[in-house]
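Protein chains: 2
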Amino acid sequence: MSEGMGLSKIKRMNFKARKRRAAALAKKAGVDSLLVTHLPDVRYLSGFTGSNAALMLAGGKSVLFTDGRYTAQAKTEAMGTRVVIANKPAVTAACEWMVEAGVKRSGFDAIHTTVAALESMRKAVPAKLRRSLFVAVEPLVEGLRQVKDEDEIAKVRAAAKLGCQLFDGMLEYLRPGLTEMEVAATLEHRARLAGAEAMSFETIVASGERSALPHGRASSQKLPKRGFVTLDFGVVLDGYMSDMTRTVHLGKAQPEERDVYDAVLEAQEAAVQAVVPGVTAGEVDEAARSVLRKVELDPWFTHSTGHGVGLEIHEGPRLAAKQTQRLEPGMVVTIEPGVYMPGRFGLRIEDMVLVTAAAREVLTPSVKAWVEL
Amino acid sequence: MSEGMGLSKIKRMNFKARKRRAAALAKKAGVDSLLVTHLPDVRYLSGFTGSNAALMLAGGKSVLFTDGRYTAQAKTEAMGTRVVIANKPAVTAACEWMVEAGVKRSGFDAIHTTVAALESMRKAVPAKLRRSLFVAVEPLVEGLRQVKDEDEIAKVRAAAKLGCQLFDGMLEYLRPGLTEMEVAATLEHRARLAGAEAMSFETIVASGERSALPHGRASSQKLPKRGFVTLDFGVVLDGYMSDMTRTVHLGKAQPEERDVYDAVLEAQEAAVQAVVPGVTAGEVDEAARSVLRKVELDPWFTHSTGHGVGLEIHEGPRLAAKQTQRLEPGMVVTIEPGVYMPGRFGLRIEDMVLVTAAAREVLTPSVKAWVEL
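Protein chains in written order, with our numbering: chain A, 1 to 373; chain B, 1 to 373.
There could be a bad hint or two in this list.
Below, computed lysine-lysine pairings styled on DSSO-like, alpha-carbon distance capped at 27 Å [said to hold, decoys possible]:
1) A:222 with B:75
2) B:61 with B:28
3) B:155 with A:222
4) A:155 with B:222
5) B:27 with A:161
6) B:27 with B:16
7) A:75 with B:222
8) B:123 with A:28
9) A:123 with B:222
10) B:28 with A:322
11) A:128 with A:222
12) B:28 with A:123
13) B:155 with B:16
14) B:322 with A:88
15) A:155 with A:16
16) B:123 with B:104
17) B:161 with A:222
18) B:88 with A:322
Hints listed in this document are in silico derivations from the structure and should not be mistaken for laboratory results.
Just so you know, these numbers come straight off a predicted model, no measurement behind them.
For reference, chain A alone in the conformation it holds in the complex (with noise of 0.2 Å):
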């Protein structure tokens, strides 16, 4: 950052970095201009936070529709956008300003946008431009999400140090006897405290035969004498969002639970040292695999390596078998296997990790070696 130039500078740049490469994907997918609901992508393209909002990029400008009851945070928020506070739907007073500034073919999101909502978009303007004016377009804004600028790797990087820190805490906390629930309150009341303003997603604390399912919530069962506890949990600083999994044992292991945890744990390290820029996502998905299928746990291992990790708790890339699309530096994704056996136990590691020009960068280090409490 040079000297004299403000955050607010920084930051304003950025925006206006983002709103242009959005205006030139918009282009490439043969549109005039982009009209933009998705909320994360609102906020990814002007600041702006709230919970109403239309963003419209047309002809070099941006236009953000939103209400009165966020007149003071669109101005201040959303810098260097124009802000319209609208006594109407937002989408509803972005149609109409199409109109009136003679936009011809505006790309939507089709995966974000309802049946419903196209109808009242429709509805909005003059029956002639009823066919015409709204072109069914990718999620190209979620598109250029999955690059982290400087601005958003600082923002993941202090999520995901935050969630360490947590899960630090937590060795020192957890013992047989507390429940699930327990251990998920004092985690997030922690979090609260440290600052975060929500949980990215509900806190997985699974425990004994809990452990076994992949997606176990905390619930009203005891932490086990001698048993695996999975914890999977993320916070929102700043509307970036972390994700980490760690798993520990309480009491004595067997060997094969020790066994499983080493498998789990090289095919982990295997697909994170696959980040790569220029490496497939399946490539990496391929790597964790194929370490558990050398052990003959991959049946076990029953979803995908990983996602992107944003504004969003799961953005792409989707780090899954076959999928071709290339890491690229700038891309945040997490590194996730795991392995599940119903009825006995399970257990996930997962790491976020950034591409970087060179490699990768870790950024949960918190201790993955085989923790018995």
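Since the structure of chain A is already known, use the hints to place chain B on it.
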């Protein structure tokens, strides 16, 4: 409950009745079957709580489509509904089933179906059926969900009761110098320990000047020595949500603060009293608004009076100006007028109210009279 009739039997009868009512509404809407994909609707009709599901109601039958993660859970939860485990998207499996079953016109909920989802539904069926098979209908199941049955009322009541217990506990705890975040963290921690599955929405703690923000998320601001603190929160118990707001005053109040409080309380109580079967939603809204109008505070009451609550935090009916929908026994609505004076102070008081055959029952009996801590 007659002797010997277990809870499972009762539940199955509830689901059967709900499915029968939904099928009747579908028939009235001119379709011979209904494709249900909105997850709260699937849960309401079948009991299934998984995150991937599509439910078909056709020819007196009901079929639930989900994936292999939910094999055991679907069979346990979706009593009386046939379960199909698909190795493709649930909605695709449902569409293919429709074709085989000879369904001619299937309703789908345009509010909860995206343009992309409709496109993939069309791709899953033969070309000749693409235009005719899928018929956009109103959110019929959401309509049904407005009127709760006894099983649901018991659950909403339990959630509301826990909310009140938590609020009562906060009266002992609130004091100047705590940050809003600490207050939220403590409330949420206690909620978890008391068995809440989650909070219904992001807890609102808005103190001092921030009390003038209708939806002030808990911030790092400290509770003031003198000023209002608004708590607006809810818990989820067995899928059903609570929602309540109380505003208390720390330290000695200015006479104007007390006057505004009294006016909001009078407005709130007038609207509660207005809740009877047959009244329109708009009349209930007007009951609150007219009290504030008399003392010229209505311009600062910038939102609607309330909304339904159940499996979702915002459901029908909508208690807003000019709404002509009539309240019916079994509806559960919030009554939550507020006054917000930007840069100065604000407050809101909110109860959950069950419409009964006789009149109403307030489900959130925590103190509403002026509290100075």
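Is it true that the CA of residue 75 (chain A) sits at most 27 Å from the CA of residue 222 (chain B)? 25 Å, holds
Are the Cα positions of residue 161 (chain B) and residue 222 (chain A) separated by 27 Å at most? It holds: about 25 Å lies between the C-alpha atoms, which stays within 27 Å.
Can the restraint linking residue 128 (chain A) and residue 222 (chain A) be considered satisfied, given a maximum Cα separation of 27 Å? 64 Å, violated
Quickly compare the C-alpha distance for residue 28 (chain B) and residue 322 (chain A) to 27 Å and report which way the hint goes. Distance ~46 Å between residue 28 (chain B) and residue 322 (chain A) Cα, so the pair is violated.
Is it true that the CA of residue 155 (chain B) sits at most 27 Å from the CA of residue 222 (chain A)? At roughly 25 Å apart (the allowed maximum being 27 Å), residue 222 (chain A) and residue 155 (chain B) satisfy the hint.
Could you grab the alpha-carbon distance between residue 155 (chain A) and residue 222 (chain B) and see if it respects the 27 Å cut-off? The given pair, whose Cα atoms are some 25 Å apart, holds under the 27 Å limit.
If you draw a straight line from the CA of residue 123 (chain A) to the CA of residue 222 (chain B), is it 27 Å or shorter? 47 Å, violated
Would you mind confirming whether the straight-line C-alpha gap from residue 123 (chain B) to residue 104 (chain B) stays at or under 27 Å? 16 Å, holds
Given the hint that residue 88 (chain B) pairs with residue 322 (chain A), does the C-alpha gap stay at or below 27 Å? Holds: residue 88 (chain B) and residue 322 (chain A) sit about 16 Å apart, inside 27 Å.
When you check the alpha-carbon spacing of residue 155 (chain B) and residue 16 (chain B), does it fall within 27 Å? Distance of about 19 Å is within 27 Å: holds.
Verify the proposed pairing of residue 222 (chain A) with residue 75 (chain B), using a straight-line Cα cut of 27 Å. 25 Å, holds
Next pair to validate is residue 61 (chain B) with residue 28 (chain B); report whether the Cα-Cα distance is within 27 Å. 17 Å, holds
The structure does not agree with the numbered hints 5, 9, 10, 11 stated previously, though it agrees with the rest.
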